[in-house]
Every structure is written in structure tokens, then in C-alpha cells.
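Asker: Single-letter residue listing:
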Amino acid sequence: MEKDQLTEFFRNRFPDAVIEQGNQYLTIKTDAAAMHPIAAVLKSDKELQFDYLFNLTGIDWSDRFSVVYHLESTVFGHEVVLKADILNREKPSVATVSDLWRTAEFHEREVYDLLGIEFVDHPDLRRLFLEDGAGFPLRKDFKDEINLIER
Amino acid sequence: MKEVELNEIIASKEDGKYIINIGPQHPSTHGVLRFVVSLKGETLEYLIPHCGYIHRGIEKMCENLTYPQIIHLTDRMDYLSAHMNNEAVSLCVENALGIEVPERVKVIRTILSELQRIASHQLWWAAFGMDIGGLTCFFYGLRDREKVLDIFEESFGSRLLHSFICPGGLMQDIHPDFQKRVKEFIAYFRKKLPEYDQLLTGNVIFEQRTKGLGILTKAEAIDYGVTGPSGRASGFSCDIRKKHPYSAYDRVEFREILANEGDTYSRYKVRIEEMWESMNIIEQLIDQIPEGSFTAPMKAIIKVPEGEYTQRVETARGELAVYLVSTGDKNPYRMRFRTPNFSNLFVMNHLSAGAKIADLIAISGSLDLVIPDIDR
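Top to bottom, those sequences are chains A and B. One point on numbering: in my numbering, the residue at position 138 of the first sequence is 138, and numbering is uninterrupted. One point on numbering: in my numbering, the residue at position 89 of the second sequence is 89, and numbering is uninterrupted.
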């Protein structure tokens, strides 16, 4: 589908989400609780078929966390960015999408490792790179006492 | 397989089961990577990759560095695709600033990327042959790779970590002999590449060790996000050079190499074919380098306007996506590298479960993993 059609489609299908045209990709903004149902539609709808998740990452915006999903359809070639905002800073959590895209399982482990976002129902949520007790270095309030990495 | 379950298996000491560590220092892992494998007899039941031995926190370091400085870190992710990694960040910053680089830069970047791809596949071929037991391959592959590295050395003063492509263009102009030497190399390598086939491709032992082994279907490749030659061997059309052309890829004719079997042998064949295709691309461009400046006029301090920018580039191993979040400062707010090897690694368990322990080496060799690219 073209971008205009996609925008129209998303507006009808996800009335609660914010649909924006970013400088490159069409963006769907939602809150963490409503993310998984939207992702499931993006994956399985016959006219969308976003079957290739080419990037999954998290951002620390100081007042909230965002988890960003870059999706592409290998059938139709269209792309979309899905963003889930997590307002709870104390115990950030969002539903896993590893049941929809297998590659998410490992990207989510990385996000958990570096940002401390918990992915609910993830089959194997362990640290990937760092040791237990290493903190979450990609958070903006992270302080590395030993190496003095400070912004 | 969870760590807890693994400990239970170890504790129960079930008959005939072994848990074995392969790595972190093992010749076949090509870096510091550890596989925990569970064996029943000689058959592999499952495999858990453990990474992080070479985690440097490049994404975090980027948050405190300026854009020209970040270029030097990207070399050190996939050190065999240094030019493509540099190009990815450069293109991302240029797109954000709305800078159109000179035609000369675009053509040179494309030639360099393809030379780098050839060099990378040569090293892969050398190491893959050695992993499987053909030590001769190692000498043949490195002999030819040396010719490419010599060209790099003459033009940029470095053989591995070039940092030559930077935001705005190139660090300096190419050496006056560059075109001549590249042409010499292509003529040389066109004669030498058939030797690779004679040595390994048609070899009965090699074929028996690779055909039908570690099969990945197209749907699984997409699901796991396996890109590059490994994904294309499963029929997943994922070549960014074709899908979203950048630099000078829109003006050259080349085939996207696809295979349908998805086994170790087809991953091998795709890479061999890609070397031919890369030579075709270079030949189309090497006489067409336009005159002009090697860089667009850039400000001394690059400040990327507020927003989010994504750039996808095809490295020698697959898709590299750079996701840049800027708040208008001179350093990025968040820099994310979606690296090809990261996704390619985690398909290992799926590919090798049920295979023999000796086949594990062939499968991991055919994925062509570079460990610093996984850990970053």
C-alpha cells in the first residue's frame, strides 16, 4: 500500500493511536498497554503483512521510555515504525513481540540488558552482554563509578 | 533453553548427555564467542550462544562523541566491512543535514564498498575452507585478499580500519594509481576465482559435508531476521542495494544472488557468486569516476537537526541499520546499530539442533559471523 492508504487504514483500524508522517517512515505512536494488539494486526493482517522486523530498540527520554519497532513487509515492500511509550520509570515493562517475530526475542534481551525494560511473557529474559548487577548503561541517569563516563 | 533448565539437566546427570563449552577461545568461532552445547552421543540437542566478551558499549560511547568521531567506532564493529559501516553513518548524517555529496564521492564509495565485500568474502572463503579441513584454502584466500588490502593501504594508509568515508564525502582524495591498481586486481582475480571452485566447490568431501546441512527456509529467515548472503541463500530477497539503492547502486546493473535450498552449501555458493557480481559492479564504475571535489562543503561542527533518522546499508554480512535520534546537539541523543551478525547468530540453535557436533563448525562457518559486530 502507498503511504496515504496506509495512513487511512491505520486511522480507521487504530483510533486510539497517533499516526504521524515522520521524515522517513510512517509512525504509529501508542502506549505500552495497547502495543501488542496493534503489533499483532500489523503482522497478520492480509493487506499489511509486516513480517520482517528489522530493528527493535529502546530510548530513554528521561521522563519516559520508548520502545521502537521498525517493520517492513517483504511481500508489499511498505514500511512502518511502531513506538510504544512506557511512562512507569520505576518498573518499566511492555509486552513481548517475540511471539510474532522470532528475531525480537534477542533484540528484546539486549534492550532488557542495557535499558532495564522488562518484556512481559518473554520466553527467556536474561542478560545478554553484561553481568548481573552491572546496572543499565543506556539509561541517561546511569553513572559508571569506575570509568567515569558522564555526560 | 533457559539457564535454569540447563542447570537442571547438568544436575540430573542423565545418561549419555554432555554439556560442552565451545569457546570463548576456539578457532572456529573466529573471535570470543561461547556456545554451550548439549550433546547426546555425537548428536547436538540444543545450543546456547553466550556473547558479551567483547562488548565495548559503542552505542553508549556514541552519545558522548561528535559525528566525525563516531565514524572511527563503526570500523570496529564489523572490521571486515569497515567501508560499509562508515558509509552507513555518513549517509545517515548527510540525509539528516540534507547534504548532496558530489557524484565523485558516490562512485568512489560504491567501488570501495564492493572492494571491501570482495576482501571480506575472500577471508570468509579462506576461513571456511580451513574450518572444514582444507588448509590450502586459507593460503589461497589470504593471498588474493592481500592484493585488495594493498590497494587500501596505498590510498588510505590503513589496511583494516580505514575510517575513510566520513560525513560529507571522503577523508582525502584517492591515490592517483587507484584506478590502475583496481583494474589490475580485477583482471588478476577473474583468473584466480575459478581456482576457488576447483579447490572446494566441486570437491566431493566438501559437498557431502555441506549439502542438506543446516537448512533454513525462507519464512524462517524472515522471522529470525537473517539477512545478507545467509538470508539470500534461503530465497529471502533482502539486498538493500536493490531494495533501497544508495550511493551509486541505482546506476549499475547487477543481479541479486538468490538460492532456494537454504543449506550450508547454498550459503557458500551465494557468496562465491557475489564476488563475481561485485567485480561486475566495480568494472562498470571504475572508468566512470567523475572529476570534482572529494567532499561536500561541511561545517566544522556538525549539528544534526532534531528528529529521527534511519539509514540501511548492505554490508558483506547483511543489513546494517543505523537509527539516529538527535535533539539538535553536536552529539546524538541515541545511536542504535542494528547489526547483521546479531540476528544471524541467534539462528544457530535452530540450524544446528539435530546435527552432528562436527557439522556445527560447518554451519557456524557458513553464517560468516564477526563477533565484535554482535557485541558492539
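Hints were generated in silico from the structure; no laboratory data involved. Heads up, the beta-carbon is just placed ideally off N, CA and C, and yes, glycines get one too. Don't take every hint at face value.
Said to hold, decoys possible - Listed next, with one range per pair, are the computed distances between beta-carbon atoms:
no.: 1; chain 1: B; residue 1: 250; chain 2: A; residue 2: 40; range: 30 to 40 angstroms
no.: 2; chain 1: B; residue 1: 291; chain 2: A; residue 2: 131; range: 27 to 37 angstroms
no.: 3; chain 1: A; residue 1: 15; chain 2: B; residue 2: 161; range: 18 to 28 angstroms
no.: 4; chain 1: B; residue 1: 217; chain 2: A; residue 2: 131; range: 29 to 39 angstroms
no.: 5; chain 1: A; residue 1: 13; chain 2: B; residue 2: 188; range: 28 to 38 angstroms
no.: 6; chain 1: B; residue 1: 255; chain 2: A; residue 2: 47; range: 27 to 37 angstroms
no.: 7; chain 1: A; residue 1: 47; chain 2: B; residue 2: 157; range: 48 to 58 angstroms
no.: 8; chain 1: A; residue 1: 118; chain 2: B; residue 2: 172; range: 20 to 30 angstroms
no.: 9; chain 1: A; residue 1: 9; chain 2: B; residue 2: 243; range: 38 to 48 angstroms
no.: 10; chain 1: A; residue 1: 40; chain 2: B; residue 2: 353; range: 35 to 45 angstroms
Asker: Take the hints in turn and mark each one as holding or not.
Answerer: Comparing the hints with the structure gives:
1. Between residue 250 of chain B and residue 40 of chain A the beta carbons are some 36 angstroms apart, a value that agrees with the proposed interval 30 to 40 angstroms.
2. The beta-carbon spacing between residue 291 of chain B and residue 131 of chain A, approximately 55 angstroms, falls outside the hinted interval of 27 to 37 angstroms.
3. Checked against the given bound of 18 to 28 angstroms, the beta carbons of residue 15 of chain A and residue 161 of chain B, roughly 51 angstroms apart, lie outside it.
4. Here the CB-CB span from residue 217 of chain B to residue 131 of chain A is close to 36 angstroms, well matched to the stated 29 to 39 angstroms.
5. Checking the proposed 28 to 38 angstroms range against residue 13 of chain A and residue 188 of chain B shows it is violated: the Cβ atoms sit about 58 angstroms from each other.
6. One distance hint, 27 to 37 angstroms for the beta-carbon pair residue 255 of chain B and residue 47 of chain A, holds here, with the actual separation near 31 angstroms.
7. The hinted window of 48 to 58 angstroms between residue 47 of chain A and residue 157 of chain B holds, with their beta carbons roughly 53 angstroms apart.
8. One distance hint, 20 to 30 angstroms for the beta-carbon pair residue 118 of chain A and residue 172 of chain B, is violated here, with the actual separation near 48 angstroms.
9. With their beta carbons about 22 angstroms apart, residue 9 of chain A and residue 243 of chain B fall outside the hinted range of 38 to 48 angstroms.
10. Range check, residue 40 of chain A to residue 353 of chain B: Cβ separation about 28 angstroms, and the 35 to 45 angstroms hint is violated.
Hint compliance for this structure: hints 2, 3, 5, 8, 9 and 10 are broken, all remaining hints hold.
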